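J.: Heads up: the sequence lines are chains A and B, in that order. According to the working numbering, the first sequence is numbered sequentially starting from 1. According to the working numbering, the second sequence is numbered sequentially starting from 806.
Hints may be right or wrong, so weigh each one.
Partial selection, computed: residues in chain B whose CB lies under 7 Å from chain A [unchecked claim]:
(1) Leu821
(2) Asp858
(3) Lys866
Stretches of chain A that chain B covers, calculated by requiring three or more beta carbons in the stretch to come under 8 Å of a beta carbon on chain B [as the list claims (entries may be wrong)]:
(4) 116-124
(5) 591-605
(6) 741-754
Listed below are the simulated DSS-like cross-link pairs for lysine-lysine, each with C-alpha atoms no more than 30 Å apart in a straight line [as the list claims (entries may be wrong)]:
(7) A:Lys144 <-> B:Lys872
(8) A:Lys640 <-> A:Lys798
(9) B:Lys867 <-> A:Lys798
(10) B:Lys867 <-> A:Lys115
(11) B:Lys872 <-> A:Lys752
Simulated from the structure, these hints should not be mistaken for lab results. Because the structure is a prediction, the values reported are computed rather than measured. Every residue, glycine too, gets a C-beta built ideally from N, C-alpha and C.
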Amino acid sequence: MAKVACTHCNLEFDKSVMIIEKDREDEEIFFCCKGCQGVYHLLQSEGLDSFYDKLGDTTLQPAVDYHDDLHKFDLEGFYNKYVKTTKDGFCEINLIIEGIHCSACVWLNEKVLHKTDGIVEASINYSNNKAKVVWDNDVITLSKIIETIRSIGYNAYPYDASLQEERANKTKKDYYSRILMGVFGTMNIMWIAIAQYAGYFTGMERRFKDILNVAEFLLATPVLFYSGWIFFRGAYYGFKNRVINMDTLVSAGALSAYIYSIYAMITQTGEVYFDSVVMIITFVLVGKYLEVLSKKHAVDTLDSIMGSMPTEVTIITENEKSLVSIENVQVGDIIELKAGEKVVIDGVVTSGDGSFDESSLSGESIPIYKQEGDEIRSGSICLDAVIRYRATHDANNSLLSSIVSLLEDAITKKPSIEKLADKVSGYFSFVIFSLAILTFIGWYLYSGEFEHSLIVAISVIVIACPCALGLATPMATLVGISISAKRGLLFKEASFLETMAKSNLLALDKTGTITEGKPSVINASIKDGFEPSLLLSLVETSNHPVSKGVAKYIKESYTDTQKVPLEDMKTIEAKGIEASYKSRKLLGGNVDLMRKYDIEIDISTQYTIFIFAIDNQVVATFELKDTLREDIKESISLIKDMGIEVVMLTGDHQKSADSVADEVGIDKVYAKLLPDEKAKLIEDFQKDGKITVMVGDGINDAIALAKSNIAIAMGNGADVAIDISDVVLLNEKPMSIYEAYKISRRTFRAVKENLGLSLLYNSVAIPLAISGFVNPLVAALSMSLSSLVVVGNSMRIKLLKFDNK
Amino acid sequence: MSENIIILMLGVSTALGAFGLVALLWGVKTGQFDDQNKFLDAARYDNEEDLKDAILIEEKKKEALKKRKENSQYRPAD
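Please model the entire structure based on the sequences and the hints provided.
T.: Okay, here's the thing in structure tokens:
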């Protein structure tokens, strides 16, 4: 049957399932669902139908009806947490808008919000889907605003901007303004300085020289004190802690050159060095700014993780369950937690027992078993079973304190080679400073000329200004990170490029990484007593891909299935699921699960097996096969060519693991692993001195991912996996793993080259400066030149060629 | 060549540049460069409608403020 596109969301479906109606011109239009139809008519009646012209061929998410949780937006706790009051007495909130695909979506949202009564300001950021809305609380309530956004097919949830983003944005803007000033000053002083240089060699009348000097002075002063303020501040803190750092050197060099230049300008003797002053400040400032930029990027990524936190919990009051938003939970409330839910409020278990994944809190990745009386902490995840616990903290005290500090930690980590460079430049600064003073004393004793000695000493400071040293690492890693981001690789920290470059072992998970992770049933053998409805209800309780494959198969082969209520559902890791229905025991899983219940089974196949048993009687077995990801074979052989060992870890049985490994060319296979055994293996590799990169996608890989030196997660893997991973593959292509290796190795090489270059430069230039062959002007030029060499060398990373298109 | 010409040339050109710089700094401070994409799309989709929208919003804000003021004036003393 012909496929037609939905008029609202542009997704294509069979004509037979579409809602068909006639529009004003009597032409047939189609909708995939009631939601889309509703939105379409709403837009028509509001006169906003030009949205569809702007939309073009982009497809949208079909509009969904949300369950009624609007009341929570008007609760007092919610207001206290997210809503700020502006100067004028209006309310302000930051929202993340879900479902934005293109600029037309942004246009529509803004337009609708603007038209709504009571909203006085609404702006949506195109890049990260974050919106700021200001409204008059007397006219409209927040729940009404959210309802408006939902009515046009999008969803909005609030986030706390004050946490990280505002601060990061502020520093970014601050640096940006200071750099603008610096660049302005430098550019203008440079063209004046060219006249000065010309005058220096061909002769210039004193009166013109004076004018140029004053002009340079006027331009240099704001640059030194506004743009350079950051260095003075850093030097001051350094002085307070008694360390000489790069800031000390920069500010001392710039300030002494500045003061001497003023002296030269007023006394009308000698040359001025204002151009050196502004160049030092501007170049080093740009280097620092690049560092700030990479931090801002990390904050953007982390905000979305915060957004995925649940906003409400189930509270039990006198055996009645009710959903309450987390802000309104009080100490002492009893909260019910279901399997797979994230804990958002600290508490003590009152009934039930089960295991918790606390890896995102402690890094301790083995699930921890908790029972009555044990403490559970926010940020951990309940893996199995239903648990009730008593809240011991309110939301603000439990959630924020633990998670925010965690995020901040992650952002401030630096690559170890950069830490080394910082340390070296600290010592370096101290040595240079002493050298400059010694040079000054030496020259003064030798020649007796104060002015000449001072100039030589300044030259030493200026020429040695460790710009190149400071820029070496951030410049190269920034270029590395930006090209990897363009190729769908998100490095969460700059330091991971370094670790990745040094890695010599790659561990791949089978399901979801080497294969698509969507196995489908290729062979089914059904015995007497099989009830499809029971099996369907059982497998639908699990998110495991095998369960999904089986569910899909049943839905396709049996039409008259219906869901039945199951009890005592339990997920047994790496084995399967069990439940009971009307006191009949249902088991679904692999051979291990059957063995656990002493069910003898004798199957030998290279495919994944799913067995279904009712009351310990096997009633059906399914064989499932998974398709390999595209290009996996090529990328593995390319990675092997780089000299990296590739191994496969899987919870699947040996035979199916072997067949997949054979197909893609992996020699070492570790099969039948439980999640903690995977982690154990990774540890063993590390004990052998291997630096391990692990690629995985699911909760079952989470532990191993946390243990490995570099964890790479597939972009649509489980939240936990993405949480703890260091690199995320957005496009899910195996070739990206190879690219990640390639980019990181190239970047690390550039870092080493940069460090070598700047050290070489200093070891040649400093002796020259001390012996008085260089004047500050040439010193500043060659210093900038050395920085440019470092920048240029880093830019060469961009020339990296990839074999595939 | 007289000094005055040089002073004038330097002064005028630097002042013009400084004017641009101040405008740019103001733009940064008021958040006009916060969103790269919006910046570009604004040029692409530039039309009268957006301008009207901006005015509408500004007027709405003014009105709301005015109303708020009136309300606070009419509030009886307790």
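J.: Please go over all the hints and tell whether each is borne out by the structure.
T.: Verification of the hints:
1. Using the Cβ-Cβ criterion of 7 Å, the hint placing Leu821 (chain B) at the interface with chain A is not satisfied: the shortest such distance is roughly 11 Å.
2. The closest approach between the C-beta of Asp858 (chain B) and any C-beta of chain A is roughly 5 Å, which is under the 7 Å cut-off, so the hint is satisfied.
3. At about 4 Å, the closest approach between the beta carbon of Lys866 (chain B) and any beta carbon in chain A falls short of 7 Å, and the interface hint on this residue holds.
4. Counting residues of the segment 116-124 of chain A whose CB falls under 8 Å from any CB of chain B gives 5; the rule of at least 3 is met.
5. Proximity of the segment 591-605 of chain A to chain B, defined as three or more residues with a beta carbon under 8 Å from a beta carbon of that chain, is not established by the 0 residues found.
6. A stretch counts as covered by a chain when three or more of its residues have a beta carbon under 8 Å from one of that chain; for the segment 741-754 of chain A and chain B the count is 0, and the coverage is violated.
7. A threshold of 30 Å between alpha carbons decides the hint, and for Lys144 (chain A) with Lys872 (chain B) the separation of about 21 Å falls inside it, so the pair holds.
8. Proposed proximity of Lys640 (chain A) and Lys798 (chain A) is supported: the alpha carbons are some 24 Å apart, at most 30 Å.
9. Between Lys867 (chain B) and Lys798 (chain A) the CA atoms are separated by roughly 51 Å; this puts the pair beyond 30 Å, and the hint is violated.
10. Between Lys867 (chain B) and Lys115 (chain A), the direct Cα distance comes to roughly 15 Å. Compliance with the 30 Å bound is thereby established for this hinted pair.
11. The suggested pairing of Lys872 (chain B) with Lys752 (chain A) is violated, with an alpha-carbon distance near 65 Å, which exceeds 30 Å.
Hints 1, 5, 6, 9 and 11 from the earlier list are contradicted by this structure; the remaining hints agree with it.
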